[in-house]
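Guided by the hints, dock chains C, D and V onto chain H, whose structure is given.
Residue numbers (the UniProt record's numbering), protein chains in the order written: chain H, 1 to 598; chain C, 1 to 70; chain D, 1 to 81; chain V, 1 to 265.
Since the hints were made in silico from the structure, they are not lab data. Glycine residues also receive a C-beta, built at the ideal position from the N, C-alpha and C atoms. Please note: incorrect hints may appear among the correct ones.
Said to hold, decoys possible - Selected chain C positions facing chain H (Cβ under 8 angstroms, derived; list incomplete):
(1) MET1
(2) ALA39
(3) ALA40
(4) ILE44
To be verified - Calculated pairs, EDC-like style, for lysine to aspartate or glutamate (alpha carbon to alpha carbon, straight line, at most 20 angstroms):
(5) LYS8/V / ASP32/D
(6) LYS8/V / GLU30/D
(7) LYS5/C / GLU25/D
(8) LYS8/V / ASP513/H
(9) LYS8/V / ASP29/D
Said to hold, decoys possible - Here are some of the chain V residues that sit facing chain D, going by a computed Cβ distance under 8 angstroms:
(10) PHE21
(11) THR35
(12) GLU127
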Amino acid sequence: MSNAYIDQFPAEAKVIRAAFYSSFFALALGGVFGIIQTLHRTGYYRFIDSADYYTVLTAHGVFLVISFTIFFLVGIFTWAITTSLDRGVEDLRFTWGWYGLMAVGITLTGVAILAGFTDATDISASVLFTFYAPLQAHPLFYLGLVLFVVGTWFAGVDWFRSWWAWKAENPDERIPLPAFMVLTTMLMWYIATLGVAAAILLFLLPWSLGLIESVNPLLTRTLFWFFGHPVVYFWLMPAYMMWYVLLPKISGGKLFSDPLARVVFVLFLILSVPTGIHHQYLDPGIAEGFKFIAMTNTMFLLLPSLLTAFTVVASMEHGARQRGGEGYLGWLKALPWRDPVFAGMALAGLMFAAAGFSGMINAGMNINYLVHNTFWVVGHFHLTVGTAVALTFMAVTYWFLPQVTGKQLWSRSVALGQVVLWFVGMTFMSNAMHRGGLLGIPRRTAEPQYDGFEFEAAVGSVAELDAQIALGGVLLTLSLVLFFANVVGTALNGRSDDLPDNSYAGTLSGPEDAPQILDNLKLWTAIAVVLVIFAYTFPLLSIIDRGGLFGPELVELPLSTLDLESISALALAVEQSTIATLETTADTATAVIAGVIP
Amino acid sequence: MRISKGGLLVVLALLAPLLVELRTVLAWVNVELSVLESAAIGLILVVAIFVWAFWPDNGNDGPTSDSSPR
Amino acid sequence: MSHATDESTQIQDPDQPTDSDQVREIGHDEFDPVGALALIGLYFLILVFLWFFMYFVEFLGNDPTVVSGIVSVVTGGVGLA
Amino acid sequence: MNIHAYEKLWLVAAMLLIVGFIATITYGSVALGITMVGDQQDTVEPTELADDDRFDDPRVEQVGENEYEAYVVAQTFSFQPNPIEVPEDSDVTFYVTSRDVIHSFSLVGTNVNTMVIPGEVAEMTVEFDDPAEYGVVCNEYCGPGHHDMEGEVHVVSEDEFDLTELEADGPDEVETGDEISVDVTTENRQLEAIETTITLEIGDETLTEDVTIEGGETLETTFTVDSATLGEGDHDWTVTVDDHTDSGTVTVADDLEDDGGDDDE
Chain H
1 MSNAYIDQFP
11 AEAKVIRAAF
21 YSSFFALALG
31 GVFGIIQTLH
41 RTGYYRFIDS
51 ADYYTVLTAH
61 GVFLVISFTI
71 FFLVGIFTWA
81 ITTSLDRGVE
91 DLRFTWGWYG
101 LMAVGITLTG
111 VAILAGFTDA
121 TDISASVLFT
131 FYAPLQAHPL
141 FYLGLVLFVV
151 GTWFAGVDWF
161 RSWWAWKAEN
171 PDERIPLPAF
181 MVLTTMLMWY
191 IATLGVAAAI
201 LLFLLPWSLG
211 LIESVNPLLT
221 RTLFWFFGHP
231 VVYFWLMPAY
241 MMWYVLLPKI
251 SGGKLFSDPL
261 ARVVFVLFLI
271 LSVPTGIHHQ
281 YLDPGIAEGF
291 KFIAMTNTMF
301 LLLPSLLTAF
311 TVVASMEHGA
321 RQRGGEGYLG
331 WLKALPWRDP
341 VFAGMALAGL
351 MFAAAGFSGM
361 INAGMNINYL
371 VHNTFWVVGH
381 FHLTVGTAVA
391 LTFMAVTYWF
401 LPQVTGKQLW
411 SRSVALGQVV
421 LWFVGMTFMS
431 NAMHRGGLLG
441 IPRRTAEPQY
451 DGFEFEAAVG
461 SVAELDAQIA
471 LGGVLLTLSL
481 VLFFANVVGT
491 ALNGRSDDLP
501 DNSYAGTLSG
511 PEDAPQILDN
521 LKLWTAIAVV
531 LVIFAYTFPL
541 LSIIDRGGLF
551 GPELVELPLS
561 TLDLESISAL
571 ALAVEQSTIA
581 TLETTADTAT
591 AVIAGVIP
Chain C
1 MRISKGGLLV
11 VLALLAPLLV
21 ELRTVLAWVN
31 VELSVLESAA
41 IGLILVVAIF
51 VWAFWPDNGN
61 DGPTSDSSPR
Chain D
1 MSHATDESTQ
11 IQDPDQPTDS
21 DQVREIGHDE
31 FDPVGALALI
41 GLYFLILVFL
51 WFFMYFVEFL
61 GNDPTVVSGI
71 VSVVTGGVGL
81 A
Chain V
1 MNIHAYEKLW
11 LVAAMLLIVG
21 FIATITYGSV
31 ALGITMVGDQ
41 QDTVEPTELA
51 DDDRFDDPRV
61 EQVGENEYEA
71 YVVAQTFSFQ
81 PNPIEVPEDS
91 DVTFYVTSRD
101 VIHSFSLVGT
111 NVNTMVIPGE
121 VAEMTVEFDD
131 PAEYGVVCNE
141 YCGPGHHDME
151 GEVHVVSEDE
161 FDLTELEADG
171 PDEVETGDEI
181 SVDVTTENRQ
191 LEAIETTITL
201 EIGDETLTED
211 VTIEGGETLE
221 TTFTVDSATL
231 GEGDHDWTVT
241 VDDHTDSGTV
251 TVADDLEDDG
261 GDDDE
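Okay, chain H solo, but in the shape it has when bound (with noise of 0.2 angstroms):
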């Protein structure tokens, strides 16, 4: 009998393996819409009209950043909890609760976008993951996207309950570092959809259903990128939080400090939401200076990932020095490379040490004008989210699948491959988007190529740039088969006995160092708030003054077309989108009965 999590919490593992599963589909979806984009985008190989270009633009972002970056981490934030706190949720029907309403919403958020290939219906959302009004999606869009949210939202509560219980018990215990973070992310995280909830709820969802007349594009975006820089950490902080407690493990050695680990998720807490309008340093009817104030907080939210980024450093360098490294740069040589896990997540923090420094440049306030909107943002957040986020999610898969499934990995060098190989492509593909927005190259667009002029290459040519972008794709492509080969292999392994033990890192310098002030939750939530209504009360105000709280006159863009005397439609629609979740979590259900019949 092995002593895998699995074993010690069983019914928290199906939930795992559900979430786990949720996010899998949706990275398979979003890779399939990834490869379509790159070949149509590079020219390499087009089967669809440029004008389905946005929908499958759309349904790739939403895939990648909300579904399966999201369900993931509600996966890890559960098993850190019930581990690190040694007990298991309070209430399971509250678990499976929360995980219902976002399977439920995402689908109809993804049946509002997927409707858009077909004029079967006239549902669509070609609205792209930042829905920017007067551009308008259908109705179920938002609906799901509240419903998803509001999940993930429950999810914290179940989380913050399990702590609350553990207090109780403990009440002199200082928080388990992995559990310190999950509730200072969540902390965060209800700070930050505050945005979006309000934009939402308050001006598009009844736009779209044609109850309000207009809205105030300005606002609507502002509140939208209020949500939409702290969600870049939602989907950060379960990889920052694997690199901390799992990655020094697997390097063989200790996390180098817990008590700097939770000054990092506190500095996460409180700066993360006061900078989002450096999204819109190129927005007319907002003042230089409030472009100022964001530019202040962003370029101080570089210091916990520079933070992160030493500690992290030290404690695989104490992994590699307990297994017999030696010298400045030689101990490297020591790091167990031949285990996926390892290997993944350090490929994925080198990868992020680059996106770092593409990060620190759209920091910028005046130096945006070269950068904004351009290819080189899209090679940003490949970086990050893409490989910083999505390779250590790979590559710690290695590692929780055995502990929530009960088998063996399927296998170990087709896993080093896996993550290598996208290393590898992610590599071609950015580094070629980095050049190219640099040309002026747009993102977000089917069609790179115009009548009128030409982009000018700086060094070699932009076919060159595209050639790179079309091979990483490939790569990337190639690299999620393996992944989902090896995932689906374990899945149909037997169960096996001798698996490794549920645990994370210890510490070299461990909590008793950390002053106690730092597990004030609290005190770090009012300073955060007192932040965000700095940041945030007087550009918002000054928005509604000179736009109106609810806009101009507008000319909508519906990219779907709701015909209110045909609310049938709209029940059809719900009646697809309802079948469509049933039949997903049948699916899922399927997946967990065969995860759990040995």
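Chains C, D and V only, in chain H's frame:
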């Protein structure tokens, strides 16, 4: 073998960004490489790394300070 | 070896299935992360160099740039008068 | 709290890095005068741009010596005016707004780049030096035809540049012997007076008039030609002022009765 197979794979992977950026860096000093030339350099480096990796360890240090192979 | 700094989680287990290659135990006080310092120092230098390159070569070299309109408004007013 | 000396060192270095970044940006703003698109301009009604005296007729105007203003409207899926023509060595202030959804206005290969949001007016002042042609792209997704949305900015040499608008109007047909009058309206949108020659070519006839048009003024001229000297038939005419031309055709006929002319014989 001086390096584990996994380590070798990772070293080869790290070669990719170096090669891709090499062209750009060289262009600043007015050395223009074609795609083919870059690929040729890459191939040479790959072969060099393979030779280094599989050369019998005779105690001499490789390009980086060496530790005993595991 | 200072075990006082070992972490205090309940599920801390001395078993180290992935640490089977461990050849020695290094405690908190014996560990100086010189390697991390070397790597991060290298990263720092790269960041500083690339920042200057991006700002002063790529950005400022990418003329024209949006500049203050105040001067134009003043002279524009004179021109109109 | 127990922080390793190396980590303290890195903390200081990281803070230096951050302060250095902010300092660089501040230097660009203060010393180099790089200004962000901001809230300098009042809001407009996107659906009523036709009644807005700045955006009813998207155009370039001269407002000072070497100072120009360009009023640009972005809409699905085009920019107006297109191309935008400005002279070399000039300061051009762009005012850009949208008629419908969010767009951008971005000069490819330059740092001229702004979001275009309905209801808001983006203001950007740009110094152009040498003659050049720039592509303009919309880099924010604006609908299914987004990839077709492009424009051009032409920075032309002083000699080639003018802001003269020419419009000529003549009769469609006249009776032989009557006079043909071609009305020419010439507008000088620049501030300085221009001296130029208006030329009318019709048949073998060439009529010229040397004119001086004050800055911002509009000149009305009328050329008259005796139709008898042209003879019966269709005659093309062309009015030329510098590089601008306008043209038309007049039919000279002996008897206009079949056209229901009001000549009573």
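We went through each hint and held it up to the structure:
1. Hint on MET1/C is violated. Least Cβ distance to chain H is approximately 12 angstroms, over the 8 angstroms limit.
2. Checking ALA39/C against chain H: minimum C-beta separation of about 12 angstroms lies over 8 angstroms; hint violated.
3. Because the closest C-beta pair between ALA40/C and chain H is about 16 angstroms apart, greater than 8 angstroms, the hint is violated.
4. Annotation: interface hint on ILE44/C violated; nearest CB of chain H at approximately 18 angstroms, more than 8 angstroms.
5. Between the alpha carbons of LYS8/V and ASP32/D the distance comes to roughly 13 angstroms, so the proposed pair stays at or under 20 angstroms and holds.
6. A C-alpha spacing of about 18 angstroms is found between LYS8/V and GLU30/D, which places the hinted pair at or below 20 angstroms, so the restraint holds.
7. Restraint check for LYS5/C and GLU25/D: not satisfied, since their Cα atoms lie roughly 26 angstroms apart, outside the 20 angstroms limit.
8. The straight-line distance between the Cα atoms of LYS8/V and ASP513/H is roughly 15 angstroms, inside the 20 angstroms bound, and the hint therefore holds.
9. At roughly 16 angstroms between alpha-carbon atoms, LYS8/V and ASP29/D fall within 20 angstroms of each other, so this suggested pair holds.
10. The closest approach between the C-beta of PHE21/V and any C-beta of chain D is roughly 7 angstroms, which is under the 8 angstroms cut-off, so the hint is satisfied.
11. At a threshold of 8 angstroms, the smallest CB-CB gap from THR35/V to chain D is about 5 angstroms, leaving the interface hint in force.
12. Annotation: interface hint on GLU127/V holds; nearest CB of chain D at approximately 6 angstroms, less than 8 angstroms.
Consistency note: the structure conflicts with the earlier hints numbered 1, 2, 3, 4 and 7.
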